[in-house]
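Colleague: Going down the list, the protein sequences come from chains G and U.
Mapping of the first sequence onto our numbering: residues 1 to 328, in sequence order.
Mapping of the second sequence onto our numbering: residues 329 to 743, in sequence order.
Calculated from the structure, these hints are not laboratory results.
All residues carry an ideal CB built from backbone N, CA and C; glycine is no exception.
Please note: incorrect hints may appear among the correct ones.
So these bits of chain U aren't anywhere near chain G, every CB distance computed over 12 Å [said to hold, decoys possible]: (1) Asp-450; (2) Asp-566; (3) Ser-623; (4) Ser-725.
Going by beta-carbon spacing under 10 Å, a handful of chain G positions derived as facing chain U [what the hints assert, rightly or not]: (5) Gly-75; (6) Gly-188; (7) Gly-190; (8) Thr-273; (9) Ser-278; (10) Phe-295.
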Amino acid sequence: MGTTTSAAAEPAKVKDGPGAPAPGAGRQGRPRGKRSMGVQNAAGWLFSTPFLVLFTVFMAFPILATLLMSFTDFGLRNVTRPWEANFIGFENYTELFGDEKFLKSLFNTAYFVVVGVPLTIALGLVVAVLLNNGIDRARTFFRVGFYAPVVTTIVAVAVVWRFVLDPSDGLVAGLFSEVGLTAPDFLGSGTLAMPSMIAMAVWRNVGTVMVLFIAGLQAIPAEVREAARLDGAGVWQEFRGITVPLLRPTLLYATVITTIGYLNVFEEPFVMTQGGPSDSTLTVSLNMYREGFNFFHMGYASAMAYVLFVVIMGITVLQLRLLKDNTK
Amino acid sequence: MSRTARTASAALTVALALGVSACGGSGGDDVAADAKQTLTVWAMGAEGEKLAEVAEVYEKANPNVTVKVTPVGWDVAHQKLVSAAAAGTMPDVAQMGGSYMGEFAELGVLEPVDTKTFDKGDFFPAGWSQGEVDGTAYGVPWYVDTRVLYYRTDLAKKAGVDKAPADWQEMRSLAAAYQEKAGTKWGLSIQPSGLDTVQNFYPFLYSAGGAILDDKGEAVIDSPEAVTALKEYGAYFDKGLSNKSVQPGYDVVKDFGNGRVPMFFGGPWHVTLLNEGQPQIKGKWAVAPVPAGTSSVSMAGGSSLVVSKDSEHKAAATAFIKYLTDTEGQADWYERTKDLPANTAAWDSGKLADDANLQVFRKQMDTAKSSPSTAQLTEITDKVDQAIAKVTQGKASAEDALKTAQSEIEGIVKQ
Chain G
1 MGTTTSAAAE
11 PAKVKDGPGA
21 PAPGAGRQGR
31 PRGKRSMGVQ
41 NAAGWLFSTP
51 FLVLFTVFMA
61 FPILATLLMS
71 FTDFGLRNVT
81 RPWEANFIGF
91 ENYTELFGDE
101 KFLKSLFNTA
111 YFVVVGVPLT
121 IALGLVVAVL
131 LNNGIDRART
141 FFRVGFYAPV
151 VTTIVAVAVV
161 WRFVLDPSDG
171 LVAGLFSEVG
181 LTAPDFLGSG
191 TLAMPSMIAM
201 AVWRNVGTVM
211 VLFIAGLQAI
221 PAEVREAARL
231 DGAGVWQEFR
241 GITVPLLRPT
251 LLYATVITTI
261 GYLNVFEEPF
271 VMTQGGPSDS
281 TLTVSLNMYR
291 EGFNFFHMGY
301 ASAMAYVLFV
311 VIMGITVLQL
321 RLLKDNTK
Chain U
329 MSRTARTASA
339 ALTVALALGV
349 SACGGSGGDD
359 VAADAKQTLT
369 VWAMGAEGEK
379 LAEVAEVYEK
389 ANPNVTVKVT
399 PVGWDVAHQK
409 LVSAAAAGTM
419 PDVAQMGGSY
429 MGEFAELGVL
439 EPVDTKTFDK
449 GDFFPAGWSQ
459 GEVDGTAYGV
469 PWYVDTRVLY
479 YRTDLAKKAG
489 VDKAPADWQE
499 MRSLAAAYQE
509 KAGTKWGLSI
519 QPSGLDTVQN
529 FYPFLYSAGG
539 AILDDKGEAV
549 IDSPEAVTAL
559 KEYGAYFDKG
569 LSNKSVQPGY
579 DVVKDFGNGR
589 VPMFFGGPWH
599 VTLLNEGQPQ
609 IKGKWAVAPV
619 PAGTSSVSMA
629 GGSSLVVSKD
639 SEHKAAATAF
649 IKYLTDTEGQ
659 ADWYERTKDL
669 PANTAAWDSG
679 KLADDANLQV
689 FRKQMDTAKS
699 SPSTAQLTEI
709 TDKVDQAIAK
719 VTQGKASAED
729 ALKTAQSEIE
739 GIVKQ
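For reference, chain U alone in the conformation it holds in the complex (with noise of 0.2 Å):
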């Protein structure tokens, strides 16, 4: 580092010093598991209201531990950990979102999975991928989604077709006799552009042999099996079959009720809320494996326990991490949440074993892959988006859309 560099950037440091008070470093001792303390957790959405319940029988068993939680909003909960990453304030235990994995763990603020408390076997292959960062794993998977084909059995019915499409010449088939025959204002419901689109594309994508970064962390998005997926995806809108203006924040659930939107690709929580929300179309409904490209492979997504770099209560935070990913826990949180257990044991017993919705789901989580754990993994899926939205508006073909986005995303991978 040249002399001029290193005083700007001790002046930076000094400048930076001043608005984020303490930076990391409290390490400290480790408290041990059964002396009394303190934990501090994270966790959002309608898991974090939950998990207030969950941690209130886990005191009585473990009188020493008290377990604060926090619910975080999902809108705000970025924000918070990167300020909390930043300012050296993280939770002892936190919440993470596969997506999040990579860019926290490059922060270095989480502690590596603790191997001989965790088996890898217990999980599903997906689940445990994604708290993994180039091979070390810093997230305990807590539960996992993935997103299947959702289908009006009622209207397929009425056009004609008593099967859920296996492939997906069956699916765009089904889909425009939805329109024809069924007198649907859609066939599929795909965003066509926006933020995040690549959730809705992966299981194109995956599903014809393709990826955004292979193994090794190499952009591969021109692959010939990606162009085939685009192109296919961007037929839905060449065709009229999927609304080529999506606003944000649309919710597809309302629209399925009232028979708009006969087909979308959902995760578990859309069971939940076509249940409660669209009770009028109960029994008209079910849930397929994502139509095979070359075969059936969707998305996985969920989150992670993760513990915190600087937690002085490692040992206890390890402790309440497992009693939530065993078995039993595992099911216990399916009861109260509806969320998939990420432990593959906790299927085989109750309701999880009996449900046939879920056991699409059960099966699709074996083959689903995560998206790249990379600390750019936004910019880069942000890259995807565009080249999306580009085929989807006929503004580009999906070869040219791809082909830019190659080079856009090796820049990225290469920095």
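One chain only, chain G, in its complex shape (with noise of 0.2 Å):
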């Protein structure tokens, strides 16, 4: 991509390379460049209209209008009046920040992150060394089985959950009373509703994981491995010294986009939950739907969406620093 796009911006740059035929590159001729890069433009411009009008239209648009949203009271009745709008500055980003159930929101959607991703990540990473190195004969069958949770609908997997979970007949239930327990109520209980959640999360996230690791696995070279055991290194040694500093960038690629899923968590709470008990499991993404389309308070929500967007912005960031290959 590098050559085409420096080939084009910048054609004085360009020395009559190998890559000589790149568009409007030359520098003899330069009216039929002219012409030919004119035509190449037009094309060029054809070919993204399609993706700029869907982009302009279902983002960019959207995006411009919630950020002016944000500064104003918009609510129900602008629905149909939005001129009846009015500015009000910051207003509903200071009232954001001491209002009590967003903090608990905010606070929610970070004991998500902060158990949900580790514990993806790891065992993401576990099960895809396993695979990748154990069970020949029923890989795929594996490999196939965690990825299932993935691709199943959330109202399907919602529905197996609430089976496992149910305090009085479901799976779990079960298995308590076989060894004379009765079992807790998960997601009826302030407490636990949040870690069921996040197991629930962390099992059909791991397949994701799980795939992008396979693949880095995959692409650290054998003979790097065969030094590393002529070396002597055992299994955990060979891990630590060749498989995790090689599979860095997956990690990395793992862990912020991981990180950003869960920062925007909504569905699992949605069906799940709706939020409570009493809160407990009420997100930041959850928050603002229901802010937005259930009050229609939707300078407020829009609002929270920008708190939401540079809190991810920042994460990512920072993320990005942290866990770069400083190596290089």
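Hints in hand, dock the two standalone chains.
Modeller: Shown next as structure tokens:
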């Protein structure tokens, strides 16, 4: 990608190298070059139009409208009379940080991320390493097994997990009663609802991470491993000294996308608990959805969206800094 | 408005106008009722499917009118209507749930009911009042529903009780007897927390003489009556008579059929669900009026029919609604859907008059109260839901939970 773009953007810098047929690259025949460049540009624009239109309508416009809206008191009546919305500056933002419910949802989201991300990454890595090294015959079976939750719709997942966690006749309750104990009410308890939700999210997302790691593992040359083994490295040493460092880019990528995904967590609490009991599983996204689409506090919900956006951006930048491969 | 504010709202308007095509204002000339025209109608859920049949009958009698019915799922109904309101593409006639009325009146997309054509006195008071916002009627009641107590008579016999509980005390001791003597898992099924828990709480709240908002629209949820009601509601969870953990989307019908749950508050549609889905308990259950606190008052729900303000077919729309809501149309509608007629005269003939179960609903409807018609209804009931959740989870006393709800709702009402 690099050569083509730079060639198009800065034709003057391009020398008559082997890549000469690159668009508009020639020093000779300027007029012709110019015309063909115009045609090239037109064709480029033509081919990008579908994307640009979709991007403008479904991304750029909503993003801009949300930003504008976050500085107004846009409410229900403004759905039909948007011109009556008032500009209120940063009022929505200042109000947010005095809003107990928002702070609680922020805390819940942080809880979800801090516990959920390391678990997902660790489990995904372990499963990937096991599948990549051990069990030769049933490998495909296990890969599909771990990946199945990823492609299952959340509603189906919710039905299954409700059965598993049902305190009166669920699977877990059955196991508890086998050993003479009473199962706790996982989703109905303020302290257990969040951990249960995390367990479900981890189960659902390990597959994604696993696939990434398997790809990463297979990119590690066999010679490196062999060399390590010849030098007498044990399984653990090989894992720490070879696998993890060489997986670093994959690890970084997996961590970043999992974190972003978890910061946006919405479906799990939406279908399993509706944020309850007593807001103990209310996440920022769910809170935003309810403010916006149940109560029509569009301005307020937009402000919430931007706070979440800033948080996600901050954390992502931080992760990229911390986890970046410094050896290069 | 300051200059910056004006500029900002202008900018916003332009931005929104880009996204929202054709904001309102098609108004135009009204088409006469007898002219050739097409009426667009949106109806939800089961009604949406049945209404097309009725529309065909109507078209035969009124050949100049073509009625185009679009069935809309309840789960997307609210979003669809709001988008239509924003885009100025509301159908000529729409079915609207009682809880939507306040919002859509606020949006200014509803035509006030033509009171020369429709008489308030023909309908149940609660049915009419749920179509009213700030004293103006916007919806003609189409069908009503109210919650009554469903209970298992066979299990009650086992528990040594042979009549329906008439008041709170009797209901609670029956719940305990069901558990102890008839071996049921729970005593009464009521929702502990989550969206719309308030619907389970209304029979308690109203029967105690309480309300969320008073007639003037002021919050009164911390009244002594409301506290008594919530204490009673909470007691069921406290004593293990009701399940503290009910998942969203739980359907009580199956558990009523297998005897895990011997009592619940249900609407008229549960009669059909039980007859069709749980035939093994036919004759082993009955319905009874809501057990009384100071009196027996239940919540009223149902749907109204509204005419869009922008409609060019108001005359024809009114005629169609008249057809659906007069005595005959209502009795016919009951035959098709088992929805309870909102028109009281329709109750006096045929099956409706003879069915003992239905008469319980009929009687309960006379006093039933509809939830307040205000644009912020969902927001307000959400606060009540939270208060109920705190009490059923044992996190707060009824007094404290309702005091919090009161101050929150006061804040919302003032906006």
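Colleague: Restraint: G/Gly-190 near chain U, CB-CB cut 10 Å. Satisfied or not?
Modeller: G/Gly-190 check passes; min Cβ-Cβ to chain U is 6 Å, inside 10 Å.
Colleague: Holds or violated: is there a CB of chain U closer than 10 Å to the CB of G/Ser-278?
Modeller: Nearest chain U Cβ about 5 Å off; hint holds.
Colleague: Does U/Ser-725 sit more than 12 Å from chain G, CB to CB?
Modeller: holds (14 Å)
Colleague: Is the interface hint satisfied for G/Gly-188? The criterion is a beta-carbon contact with chain U at less than 10 Å.
Modeller: Hint holds; G/Gly-188 Cβ to chain U Cβ min 3 Å, cut 10 Å.
Colleague: Verify this label for me: U/Ser-623 is non-interface relative to chain G, using a Cβ-Cβ cutoff of 12 Å.
Modeller: holds (32 Å)
Colleague: Going by Cβ atoms, does U/Asp-566 stay more than 12 Å from chain G at every point?
Modeller: Consistent with the label, U/Asp-566 stays out of reach of chain G, its closest Cβ about 15 Å off (over 12 Å).
Colleague: Using 10 Å as the Cβ threshold, decide whether G/Phe-295 counts as touching chain U.
Modeller: Since chain U brings a Cβ to about 4 Å from G/Phe-295, closer than 10 Å, the hint holds.
Colleague: Please confirm whether U/Asp-450 is truly not at the interface, meaning its C-beta sits more than 12 Å away from all C-beta atoms of chain G.
Modeller: holds (31 Å)
Colleague: Please verify that hint: G/Thr-273, Cβ, nearest Cβ of chain U, below 10 Å or not.
Modeller: holds (7 Å)
Colleague: Does the CB of G/Gly-75 sit less than 10 Å away from some CB of chain U?
Modeller: G/Gly-75 check passes; min Cβ-Cβ to chain U is 8 Å, inside 10 Å.
Of the numbered hints listed earlier, not one is contradicted by the structure.
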